[in-house]
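Here's the letter readout for the chains.
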Amino acid sequence: MFKLSNKGTEFVKNELSRYESRRSAILPCLTLAQEENGGYINAEIISYLAHLMDIPESQIQEVFMFYTMYNKKPVGKFHVQVCCNISCAMNGGRELVQHLTKEFRVNDGEVTSDGNFSFSRVECLGACGGAPMMQVNEEYHENLTPEKAVHVLKNMAKGNSHGS
Amino acid sequence: MFEKVAQKLKEPLMPKCTINGKEIEVKDGTTIMEAFYQKEVPIAHYCYHPGLSIAGVCRLCMVEIEGMPRTQIACNTKITEGMKISNVSDKAKDSVKWALDFHLINHPLDCPICDQAGECGLQEQYMHFGKYEPEMGQGKVKKRKVVDLGERVVLDTERCILCSRCVRFTDEVSKTNELGIFNRGDRSEVGTFQDKPLNNNYSVNTVDICPVGALTAKDFRFKQRVWLLKNRESICTGCSTGCNVNVYFNKGGVYRLKPKYNSDVNGHWMCDKGRDTYKHLNVEARLTKGKKTEEGKTTECDAGELAKQTAQLIEKIKKEGGGDSIGLIVTAQYSNEEYAAMFELFKIKLGSNNVFYWINNQKTFEAFDGLLYRGDKNPNTKGLLRALSKCKFDQTWDKLEEKIKAKQLKIVVVLGPENQEVYPDISEKLKLLNSVDNVVWLTTNQVLGTELLKSCWQIPVKSTIEKSGTYINFKGLEQKIKPVTNIVSGALTLTEAAALFAGDEIPFDSKTPVKGERVWNEFFHHRGDL
Amino acid sequence: MEVKHLTEHYDKDGYATIKGYQKLGGYENLKKALKMKPLDIINEVKASGLRGRGGAGFPTGVKWGFLPNNGEPRYLLCNADEGEPGTYKDRLMMERAPHQLIEGMIISAFAIGSPKSYIYIRGEYFYPKSIVEKALREAYDNGLLGKNILGSGFNHDMDIYSGAGAYICGEETGMISSLEGKKGQPKLKPPFPAIQGYLGKPTIVNNVETLAAVTLVIRDGAAAFRKQGTEKSPGTKLFSLSGNVVKPGNYEVPLGYKLIDLINIEGGGLKPGRKLKAVIPGGSSAKILNKEESEKATLDYECLAQMDTMLGSGAVIVIDDTNCMVDLLGVLMHFYHHESCGQCTPCREGTGWLEKLVNGIKSGQGKLQDIDLIETVARNMCGRTICALSDAAAFPAMSFVLKFRDEFEFFVREGRSKIKGTSYAKMHH
Amino acid sequence: MSLVKKDAAIDRWFLPGIIAGLFFTIKKMLANIFNRKSMPTLNYPEEKFEYSPRFKGTHILTVKKDGSLRCTACMLCATACPAECINIVAAEHDDPVVEKYPVKYEIDILRCVFCGMCEEACPVDAVRLGPEWQIPGVNGSNFIYDIRFLAYRPALKGGIPSTVEDEERHQAGI
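Residue numbers (our numbering), protein chains in the order written: chain A, 296 to 459; chain B, 122 to 651; chain C, 841 to 1269; chain D, 2 to 175.
These are computed hints drawn from the structure, not numbers from a lab.
Ideal placement from N, C-alpha and C gives every residue a C-beta, glycine not left out.
Treat the hints with care, since some could be wrong.
Claimed, not checked - Covered by chain B, according to a simulated footprint, are these stretches of chain C (three or more residues, beta-carbon under 8 Å):
#1 978-989
#2 1180-1189
#3 1222-1235
What the hints assert, rightly or not - Straight-line distance between alpha carbons at most 27 Å, and here's what the computed DSSO-like set of lysine-lysine pairs gives:
#4 B:K429 <-> B:K528
#5 B:K266 <-> D:K65
#6 C:K1196 <-> A:K368
#7 B:K484 <-> B:K550
#8 C:K1243 <-> A:K308
#9 B:K400 <-> D:K105
#10 C:K987 <-> B:K137
#11 B:K379 <-> B:K468
#12 B:K266 <-> D:K158
#13 B:K143 <-> B:K344
#14 B:K317 <-> D:K101
#15 B:K263 <-> D:K101
#16 A:K308 <-> C:K987
#17 D:K101 <-> B:K339
#18 A:K397 <-> C:K1260
#19 B:K218 <-> C:K1207
#20 C:K863 <-> C:K974
#21 B:K199 <-> C:K1029
#22 C:K974 <-> B:K148
#23 B:K261 <-> A:K367
#24 C:K1098 <-> A:K368
#25 C:K1041 <-> C:K987
#26 B:K264 <-> B:K344
#27 A:K397 <-> A:K368
#28 A:K368 <-> B:K266
#29 D:K158 <-> D:K29
#30 B:K263 <-> D:K65
#31 C:K1041 <-> B:K199
#32 D:K65 <-> B:K400
#33 B:K526 <-> B:K513
#34 C:K1111 <-> C:K1041
#35 C:K1098 <-> C:K1243
#36 C:K1207 <-> B:K261
#37 B:K264 <-> C:K987
#38 B:K379 <-> B:K339
#39 B:K143 <-> B:K212
#40 C:K1111 <-> A:K443
My request is simple: use the sequences and hints to build the entire structure.
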């Protein structure tokens, strides 16, 4: 059974009173629940939240399914999102993703066997100057080449440095 | 001069506009769609529903307004003075055609297996605005079909055109927030959270307002094709709200009930329990022939014949024991005219005032679920009370028990309930009556457990949709209804029964229609509104 | 030539902290504004001709003027969603000068008399959000927010709200729905947000750059502000240059600056040995300009409108001759199909159809009439929906097919791209 | 000019009229004797008349690849039939892909006028009017053809496959 940590429940409580309408708290609480559940959300969490925040389940499910940053499937410890929109596509964004997925022997949207990485193609991340680029969990890594990207990810896997 | 100005200011601003060339005047603040509705000018629309909020998402109600370069949606644009609106101009027709085209490119087109075929919004508008060569050659978006949403509604997300009527219904009318639109773009799907069943008491309303076959009623699933049904107005006898309904029927009987708009009774809606009331109207559940059960032996005979025998029996008992030995038990399920006839028979002809009112659910009488469904499950309680007080029958129920114990009543006529589900205490009443030597039970459906009575004569009676009459709902509003169809032709109405009990003939010939009548194929029929 | 007004002190370290910001003249404009009457500030902004920097280019003063003066509490929302492909100027402003934004917002809030304002920042901007949150705390600690700001009796609260990844929340009413905790689906207009917006109250939504520019208007006054830029589009603007240029980046140039100079001077020109093929002047939803047009174009609202495109959010995407236009259109159509919120039928089904049409051509099974079909479907999506996303999807489709029809026909006839060495067929999503 | 012919003397004798008539019969008899092939009569049942492929005979309910009925009980044929002789009762199929199928499909052949409207109305080529026309039925025998007869009678050898196939339509995304 999924249960938020009491720090999390505390956060949900004051989020509910922070905005003018209680429903505005749905987005931040879903983000929190996703972090506490290791990066993705399932139906059990939604009914737990609905019960905790006293908001109809369909309203939370609507928000959860609408936004792309709420992951529907389990993701790796480092969720690598590579931008494939127009400016990055012209500078080899898509080739970068192909190279990474070939390198870590996993296809799009799945988790590597050791659970460390999952790759997904995403839309414009607002870093078109540093094309091609990727976002790993919360950090941006710009001006990548396939080799540099693999290097950065390998370091992360060894856990010795957070970010380039 | 100032009075004119003041008077002008006081009286509400009435903007004038022309719709398709006709000059009309509307209240200030009405939208173009409401003006079209008032003037019954046909306009294509899916997501607008007079009983719900405006969504403005189907983009089908495009109208061309003089002076505006682009066509505007009618449901959200308010009418201003001197606006020239047309929804039949080429530009409007073209944008409606394209809006319809966008609806149809991912539509599964499974009309052969879709219950909505015949009253489907897409078919309707295609015949007016479509008739084009389909340009879409690419693959359609595949979504989940035949999703089971509880025991009343089936969902098919592929047919859904995402007009959000059902979502707005569960948010605004039934206030249960069960339905939502999940995902984004053309992967969006209507549904409940984890396919939880839709079990509020108004779930089948979402089926009525769904313009396509996405939400279909499980009870009507594959039963009949809509164009083989006719529909006429009547009222629902489920409870004392008296919702106006459209009864859908054909020679095979009644298939379903749909709400009919009535602003001061039920608005656009109707509750699910009321929809099941058609089940006991069909011929399978009905008593078609008069039934006499004496000491366990039952014989059948024609209803009129049985009524005449009852008349002689009453005549005999009246001679021996006088008016007092004849009793009448009344339920509030019949119309005012019938009560007047029956009470007039008992009061004047038989001179007995042993009339007792059988109240079925005393405890939950005042229950009310906030929208339509009331605790008082009889359609004409107010009418009955008024008739009782007019004839000053005020004996209470325990007086009946005394009289039965005192063996004073030789014969009791029971005006049995039409809707037996709401009368759980029938068997209890039968036990009470078994000491009476003659019981005449007028009923629409078979009454179970009458064998333990000494002698019980059951006379088939016409149901609400087979007779005309007035019913008074809880608010005291008199609603006059006309007969819809004829299910048990041999049955009598109470007025006929009263006439027969009094010994004289039924004024007109009520024989069953001649056999071999040509079964008429309803090729053209009057369809319910979308 | 680059004229640094807004971004004058961006590269000074410590400018993001309140001390560094105040040392370089920060919050002086706020003191000045609090002394003025709110109506004068609105007239000053109207006189300066400042236009919205988010994408529509609507004059800010006029937008503030729509607010009803019925004393109802009104909200000021800062649109920092920045989802338009090619745009990354707001991120720079929030990382380098959060206080400039906060000061601009307090001045604007004081002008329109709003007790509460929100910064709606896009979900992916974790780092910029942390910086703005730190700046907000600093502002509260120094009495610049909360009750009785700087002793002027004006109380104002400011909060930051993060989205969760939806391009549609960049649209005014889409953002308002998202802020209300619902799906980011745009609301029906009318009623416009200025009359009935966030939670039914009058709401003003402005872009980050617009609100920051308000501080310039107050500091220099409307006349000085008008010196830069052209008569109808005054002031300077931050342009995000991206695509096949040597030095992509954010450059602040006065409006009316020549597009080709921005590419060659600021952007360092194209990569060696490559020729300019096309430029998308204002973010992905602006119609594309081919080589000749981009040489003539100047970066202001009027000139680009004449060329049947728009300045938009000022994201200049440079495309050189090694790119296949059919493939790029496929990328854009996938973007709009993925980001359509699914409310209105023309956009929900139309974007999907456009993507399938372009992918059909890209896979080599396209037919010649598919090209005309793209154009007809796009034309019939324009102006038929609640928000402008369906127009944003239709504009690239129409302009790519109109100006680069030969590449589409080549792809249909030959089944491969006209540009050599492009193995795009493999790289579908 | 009145049409009635005057009674010429020769007509009063009937013999010449008969001989003239017989003359035509004798001509035909001689032609048949000497040229046997041109005789139009067929020795039924050895020789049967070859009707055209469009001949509208006894109905056939076509079947899918897996042998189940192609008909989805959409009642279009029952609605289009001018004689109203088709009676269908639909039911829910347990395989959700099929969803709806006829439990009862009966044609009252005595009322049917073989007009072929049902064949034209059917959207999925489920009912056809086949080439057979010699299906006997003695007085009082069962003239209501049910599903077993219409789709799986021995002459159809296991059922006639329909041209409309669901799987291809689903793959093509229609």
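Outcome of the hint check:
1. 978-989: Coverage by chain B is violated for the segment 978-989 of chain C (0 residues, Cβ < 8 Å).
2. 1180-1189: holds (count 9)
3. 1222-1235: holds (count 4)
4. B:K429 <-> B:K528: Roughly 25 Å between the alpha carbons, so the hint for K429 (chain B) and K528 (chain B) holds.
5. B:K266 <-> D:K65: holds, 21 Å
6. C:K1196 <-> A:K368: Satisfied, since the Cα-Cα distance of roughly 26 Å is no more than 27 Å.
7. B:K484 <-> B:K550: Cα-Cα ~18 Å, so holds.
8. C:K1243 <-> A:K308: violated, 56 Å
9. B:K400 <-> D:K105: holds, 23 Å
10. C:K987 <-> B:K137: Distance ~51 Å between K987 (chain C) and K137 (chain B) Cα, so the pair is violated.
11. B:K379 <-> B:K468: violated, 40 Å
12. B:K266 <-> D:K158: violated, 34 Å
13. B:K143 <-> B:K344: violated, 43 Å
14. B:K317 <-> D:K101: Roughly 24 Å between the alpha carbons, so the hint for K317 (chain B) and K101 (chain D) holds.
15. B:K263 <-> D:K101: holds, 19 Å
16. A:K308 <-> C:K987: Between K308 (chain A) and K987 (chain C) the Cα gap is close to 24 Å, so the pair holds against 27 Å.
17. D:K101 <-> B:K339: holds, 13 Å
18. A:K397 <-> C:K1260: It holds: about 25 Å lies between the C-alpha atoms, which stays within 27 Å.
19. B:K218 <-> C:K1207: With Cα atoms ~24 Å apart, K218 (chain B) and K1207 (chain C) stay inside 27 Å; holds.
20. C:K863 <-> C:K974: holds, 18 Å
21. B:K199 <-> C:K1029: holds, 12 Å
22. C:K974 <-> B:K148: Given that 27 Å is the threshold and the Cα spacing comes to 54 Å, the pair is violated.
23. B:K261 <-> A:K367: holds, 24 Å
24. C:K1098 <-> A:K368: Given pair K1098 (chain C), K368 (chain A) is violated - Cα atoms ~48 Å apart, limit 27 Å.
25. C:K1041 <-> C:K987: Holds. K1041 (chain C) to K987 (chain C) sits at ~22 Å (cutoff 27 Å).
26. B:K264 <-> B:K344: Satisfied, since the Cα-Cα distance of roughly 25 Å is no more than 27 Å.
27. A:K397 <-> A:K368: Since the Cα atoms of K397 (chain A) and K368 (chain A) sit roughly 21 Å apart, the hinted pair holds (cutoff 27 Å).
28. A:K368 <-> B:K266: holds, 23 Å
29. D:K158 <-> D:K29: With a Cα-Cα distance of about 44 Å, the restraint between K158 (chain D) and K29 (chain D) is violated, given a limit of 27 Å.
30. B:K263 <-> D:K65: holds, 22 Å
31. C:K1041 <-> B:K199: Holds, at about 20 Å.
32. D:K65 <-> B:K400: Given pair K65 (chain D), K400 (chain B) is violated - Cα atoms ~36 Å apart, limit 27 Å.
33. B:K526 <-> B:K513: holds, 24 Å
34. C:K1111 <-> C:K1041: Outside the cut-off at roughly 51 Å; violated.
35. C:K1098 <-> C:K1243: Holds, at roughly 21 Å.
36. C:K1207 <-> B:K261: With a Cα-Cα distance of about 18 Å, the restraint between K1207 (chain C) and K261 (chain B) holds, given a limit of 27 Å.
37. B:K264 <-> C:K987: Not satisfied, since the Cα-Cα distance of roughly 53 Å exceeds 27 Å.
38. B:K379 <-> B:K339: OK: K379 (chain B) and K339 (chain B) at ~14 Å, within 27 Å.
39. B:K143 <-> B:K212: holds, 19 Å
40. C:K1111 <-> A:K443: Since the Cα atoms of K1111 (chain C) and K443 (chain A) sit roughly 21 Å apart, the hinted pair holds (cutoff 27 Å).
When each numbered hint is compared with the structure, violations occur for hints 1, 8, 10, 11, 12, 13, 22, 24, 29, 32, 34, 37.
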